[in-house]
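Chain by chain, the residues run as shown.
Number of protein chains: 2
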Amino acid sequence: MTKNKNLFWYVAGFIDGEGSFNISFTKQKYAHNNQGFKWLIHVCFQTYQHEDHRDILELLQKQVFHTGRIYRKSSPYHVFTYTVDNPRNLCEKIIPFFNKYKLIIKDKDFQLFKEVVQMLLDKKHLTESGFKKILDIAFKMNANGKQRKYSKEYILETVKEQLSRK
Amino acid sequence: MTKNKNLFWYVAGFIDGEGSFNISFTKQKYAHNNQGFKWLIHVCFQTYQHEDHRDILELLQKQVFHTGRIYRKSSPYHVFTYTVDNPRNLCEKIIPFFNKYKLIIKDKDFQLFKEVVQMLLDKKHLTESGFKKILDIAFKMNANGKQRKYSKEYILETVKEQLSRK
Chain G
9 MTKNKNLFWY VAGFIDGEGS FNISFTKQKY AHNNQGFKWL IHVCFQTYQH EDHRDILELL
69 QKQVFHTGRI YRKSSPYHVF TYTVDNPRNL CEKIIPFFNK YKLIIKDKDF QLFKEVVQML
129 LDKKHLTESG FKKILDIAFK MNANGKQRKY SKEYILETVK EQLSRK
Chain V
9 MTKNKNLFWY VAGFIDGEGS FNISFTKQKY AHNNQGFKWL IHVCFQTYQH EDHRDILELL
69 QKQVFHTGRI YRKSSPYHVF TYTVDNPRNL CEKIIPFFNK YKLIIKDKDF QLFKEVVQML
129 LDKKHLTESG FKKILDIAFK MNANGKQRKY SKEYILETVK EQLSRK
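So the protein sequences, as listed, match chains G and V.
Its first residue numbered 9, the first sequence is counted upward by one per residue in the working numbering.
Its first residue numbered 9, the second sequence is counted upward by one per residue in the working numbering.
Don't take each hint at face value.
Now the in silico label distances, taken between C-beta atoms and shown as ranges [as the list claims (entries may be wrong)]:
hint: 1; chain 1: G; residue 1: Glu-161; chain 2: V; residue 2: Ser-159; range: 50 to 56 Å
hint: 2; chain 1: G; residue 1: His-74; chain 2: V; residue 2: Lys-70; range: 33 to 39 Å
hint: 3; chain 1: V; residue 1: Tyr-85; chain 2: G; residue 2: Arg-173; range: 44 to 50 Å
Output of the computed footprint for chain V on chain G, the stretches with three or more beta carbons under 8 Å from beta carbons of chain V [to be verified]:
hint: 4; stretch: 23–34
hint: 5; stretch: 72–81
Mimicking SDA-like on lysine to any residue, the simulated pairs with C-alpha atoms at most 20 Å apart in a straight line are [what the hints assert, rightly or not]:
hint: 6; chain 1: V; residue 1: Lys-110; chain 2: V; residue 2: Gln-54
hint: 7; chain 1: V; residue 1: Lys-13; chain 2: G; residue 2: Lys-116
hint: 8; chain 1: G; residue 1: Lys-131; chain 2: G; residue 2: Tyr-85
hint: 9; chain 1: G; residue 1: Lys-116; chain 2: V; residue 2: His-58
By construction, these hints were calculated from the structure, which means they are not laboratory data.
Every residue gets a Cβ at the ideal spot worked out from N, C-alpha and C, and that includes glycine.
Taking the hints into account, I'd like the entire structure generated from these sequences.
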């Protein structure tokens with residue numbers, strides 16, 4: 009029990025340095041299930057390691073979170089990633105963990121991420137106000153979304169266009 | 009007390025991802041204090057963070073290790089580094105910490121680093137066999153010294169040359 013607690017605090021520190029919580033938007037031709045908007049909202053908790061240290065990813069998967077996938081990245085080839093991106097698993101396995109074993113650096117991002125995962129589970133992303141709120145939150149995360157493919161303005165414009173055709 | 013223990017395990021995890029133990033060799037015109045070889049052996053425990061998270065470095069310095077310096081890197085400018093490179097401080101503050109709060113990924117490097125710090129304190133680097141042993145250890149660390157300025161062969165050659173002139 010104590011051994012596990014020590015491991016869990018170790019994991020909090022490790023993830024605070026090496027992990028990330030991401031919300032990304034992928035443009036779709038059609039709205040998913042004909043509901044909501046033409047954007048796929050992808051929520052993802054992730055960490056990477058060089059293949060030499062793949063063990064640590066297996067420890068996260070098997071001894072800590074009991075969920076998630078490990079796979080080799082196509083580029084760079086020597087890197088493996090541990091990923092949890094199913095909202096239900098995030099809600100049941102990842103979020104309770106970091107509620108208990110608190111992050112220092114990434115706690116702000118984690119709190120925002122948590123809110124979005126809950127909104128997805130409650131299907132709030134299918135409403136205009138819910139979608140816009142998720143967009144606002146996502147662009148506050150990870151140093152204000154510097155590395156994003158689409159701008160917030162562009163996504164909002166497409167939503168407005170879709171709504172005007174209804 | 010428990011709070012500190014949790015923090016210390018957090019730090020072990022954080023450093024396992026973000027920290028490094030390094031041994032580097034800098035060419036000198038003269039042997040230091042006219043003793044040993046014309047190479048300065050620099051031992052260093054270090055971690056970096058973007059200036060947005062400078063707090064975590066201060067936490068390491070003030071609440072965890074009670075030693076070390078924090079400074080802004082010249083390049084990239086937005087990065088701060090926390091560094092402990094005095095062998096005595098490494099021996100008294102850093103090494104006992106990671107003997108207790110064990111690393112997973114970097115434990116092998118830490119064990120090698122520890123051996124070299126002790127050899128420096130015992131002045132073994134001033135003898136030919138000691139210097140060569142440190143060189144062997146250093147080149148086993150951090151993925152076999154891929155990013156080194158000088159090759160092991162080059163350093164050994166200069167030592168051989170210096171010895172032949174004695």
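Structure-based check of all given hints:
{"no.": "1", "hint": "G:Glu-161 / V:Ser-159: 50 to 56 Å", "in the structure": "53 Å, holds"}
{"no.": "2", "hint": "G:His-74 / V:Lys-70: 33 to 39 Å", "in the structure": "36 Å, holds"}
{"no.": "3", "hint": "V:Tyr-85 / G:Arg-173: 44 to 50 Å", "in the structure": "48 Å, holds"}
{"no.": "4", "hint": "23–34", "in the structure": "holds (count 4)"}
{"no.": "5", "hint": "72–81", "in the structure": "violated (count 0)"}
{"no.": "6", "hint": "V:Lys-110 / V:Gln-54", "in the structure": "17 Å, holds"}
{"no.": "7", "hint": "V:Lys-13 / G:Lys-116", "in the structure": "23 Å, violated"}
{"no.": "8", "hint": "G:Lys-131 / G:Tyr-85", "in the structure": "36 Å, violated"}
{"no.": "9", "hint": "G:Lys-116 / V:His-58", "in the structure": "16 Å, holds"}
In this structure, the earlier hints numbered 5, 7, 8 are contradicted, and the remaining ones agree with it.
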